[in-house]
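Student: Sequence:
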Amino acid sequence: MAAMLARCRPFCRGLVTATRPKVMKRFYQEVMLEESKTGTPCWRVLLDGKVVKTPKGTPLELPGRGVAQEVAGEWQQQTEDILPLEMPFTTLGCTALDITQHDPAASVDRLLPFLEMDTVCFQGEQDLLAERQRQEWGPLREWFASKYEVTLGVASGLAAPNHPEETLLRITQLLLDRDAWELCALEVATQTAKSFIVASALLDKSTTAEEAIRLAQLEEDFQIERWGMVEGDHDVMETEMLKWLTAC
Numbered sequence: 001m002a003a004m005l006a007r008c009r010p011f012c013r014g015l016v017t018a019t020r021p022k023v024m025k026r027f028y029q030e031v032m033l034e035e036s037k038t039g040t041p042c043w044r045v046l047l048d049g050k051v052v053k054t055p056k057g058t059p060l061e062l063p064g065r066g067v068a069q070e071v072a073g074e075w076q077q078q079t080e081d082i083l084p085l086e087m088p089f090t091t092l093g094c095t096a097l098d099i100t101q102h103d104p105a106a107s108v109d110r111l112l113p114f115l116e117m118d119t120v121c122f123q124g125e126q127d128l129l130a131e132r133q134r135q136e137w138g139p140l141r142e143w144f145a146s147k148y149e150v151t152l153g154v155a156s157g158l159a160a161p162n163h164p165e166e167t168l169l170r171i172t173q174l175l176l177d178r179d180a181w182e183l184c185a186l187e188v189a190t191q192t193a194k195s196f197i198v199a200s201a202l203l204d205k206s207t208t209a210e211e212a213i214r215l216a217q218l219e220e221d222f223q224i225e226r227w228g229m230v231e232g233d234h235d236v237m238e239t240e241m242l243k244w245l246t247a248c
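Residue numbers (my numbering): 1 to 248.
For the record, the hints were derived by calculation from the structure and aren't laboratory data. In this text, all values refer to a predicted model and were calculated from it rather than measured experimentally. Positions of the beta carbon are idealized from the N, C-alpha and C atoms, including for glycine. The reader is advised that the hints may include incorrect statements.
List time: in silico BS3-like cross-link candidates among lysine-lysine, alpha-carbon distance up to 30 angstroms [as the list claims (entries may be wrong)]:
id : residue 1 : residue 2
1  : K205      : K147
2  : K25       : K56
3  : K205      : K243
4  : K50       : K37
5  : K194      : K243
6  : K56       : K147
7  : K53       : K243
8  : K56       : K37
9  : K53       : K147
10 : K205      : K56
11 : K53       : K37
12 : K147      : K194
13 : K50       : K243
14 : K53       : K25
Distance windows between CB atoms, simulated [as the list claims (entries may be wrong)]:
id : residue 1 : residue 2 : range
15 : M237      : V23       : 23 to 31 angstroms
16 : G49       : D81       : 20 to 28 angstroms
17 : T172      : K205      : 14 to 22 angstroms
18 : V23       : G49       : 43 to 51 angstroms
19 : G49       : E220      : 31 to 39 angstroms
20 : D81       : R226      : 37 to 45 angstroms
21 : T79       : M117      : 39 to 47 angstroms
22 : G73       : E211      : 19 to 27 angstroms
23 : E142      : Y28       : 28 to 36 angstroms
Please build the complete structure, drawing on both the sequences and the hints.
Tutor: In structure tokens form, the structure reads like this:
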């Protein structure tokens with residue numbers, strides 16, 4: 001099991017605790033939950049009485065019963081072969097403990113470039129697209145600026161949004177104040193949506209995963225309306241996005 005959990009296809013390419021997921025046969029019969037009350041209260045998933053561990057050998061100790069039930073459900077749903085890329089809650093837990101917890105500053109360093117060139121801070125040059133962006137992304141930018149007390153730049157064409165340095169410094173500190181679970185979820189959501197602002201709305205604004213996809217894919221959906229869709233590709237991508245954003 002230690003070598004099985006490579007991360008989320010291209011969405012989570014920066015978060016890897018194992019070099020390549022190996023095909024494994026299901027080796028257990030019973031999946032159970034156990035609450036640990038020693039030290040910080042947490043929940044564990046047991047496979048035939050043995051605690052699930054991360055790829056680096058750390059017991060997968062989860063912060064709440066709800067997420068533990070999701071992880072247990074993923075293990076219960078495995079059939080003949082274990083498919084780690086179909087286990088987003090397990091993946092998030094392992095990533096939080098093996099990667100994020102040990103180096104939160106590195107997680108912040110990976111997140112900031114997404115904010116610096118955030119999708120929702122670009123304004124299209126076509127009138128119809130620009131108007132849709134103003135209607136959909138304008139309120140989202142206003143929420144973000146008010147929620148985190150920052151100023152955002154907005155760019156058009158090839159220019160960068162050029163957020164004030166104070167904005168980046170404040171967001172850096174706010175990110176470092178998050179625990180490993182929140183930071184990990186935010187990073188996976190950001191890499192999935194390709195937008196730090198959309199991911200922030202998913203975690204802090206009660207935005208649904210479906211709504212986050214709609215906001216992240218606004219420009220692409222606009223182009224599809226005009227030029228049509230490549231059959232299969234768009235649906236597959238949205239299914240993958242929904243899987244990971246729901247877990248976040």
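Student: Checking one constraint from the list: CA of K50 to CA of K37, max 30 angstroms. Satisfied?
Tutor: 17 angstroms, holds
Student: Taken at face value, is the distance from the CA of K243 to the CA of K50 at most 30 angstroms?
Tutor: 27 angstroms, holds
Student: Tell me if the straight-line CA distance from K53 to K147 falls inside 30 angstroms.
Tutor: Distance ~37 angstroms between K53 and K147 Cα, so the pair is violated.
Student: Tell me if the straight-line CA distance from K205 to K56 falls inside 30 angstroms.
Tutor: 33 angstroms, violated
Student: For the pair G49 and E220, does the Cβ-Cβ distance stay inside 31 to 39 angstroms?
Tutor: Check failed, 47 angstroms falls outside 31 to 39 angstroms.
Student: Is the gap between the beta carbons of V23 and G49 within 43 to 51 angstroms?
Tutor: Because 24 angstroms falls outside the window, the suggested range is violated.
Student: Between K205 and K243, does the CA-CA distance stay at or below 30 angstroms?
Tutor: 19 angstroms, holds
Student: K53 and K25 were given as a pair; does the straight-line alpha-carbon distance stay at or below 30 angstroms?
Tutor: 17 angstroms, holds
Student: Are the Cα atoms of K194 and K243 separated by 30 angstroms or less?
Tutor: 15 angstroms, holds
Student: Between the alpha carbons of K56 and K147, is the straight-line distance 30 angstroms or under?
Tutor: Not OK: K56 and K147 at ~36 angstroms, beyond 30 angstroms, violated.
Student: Check the following: the C-beta atoms of M237 and V23 are separated by a distance inside 23 to 31 angstroms.
Tutor: 24 angstroms, holds
Student: Need the status of pair K25, K56: alpha-carbon distance at most 30 angstroms?
Tutor: Holds, because 20 angstroms separates the two Cα atoms, which is no more than 30 angstroms.
Comparing the model with each numbered hint stated earlier shows that hints 6, 9, 10, 18, 19 and 23 do not hold.
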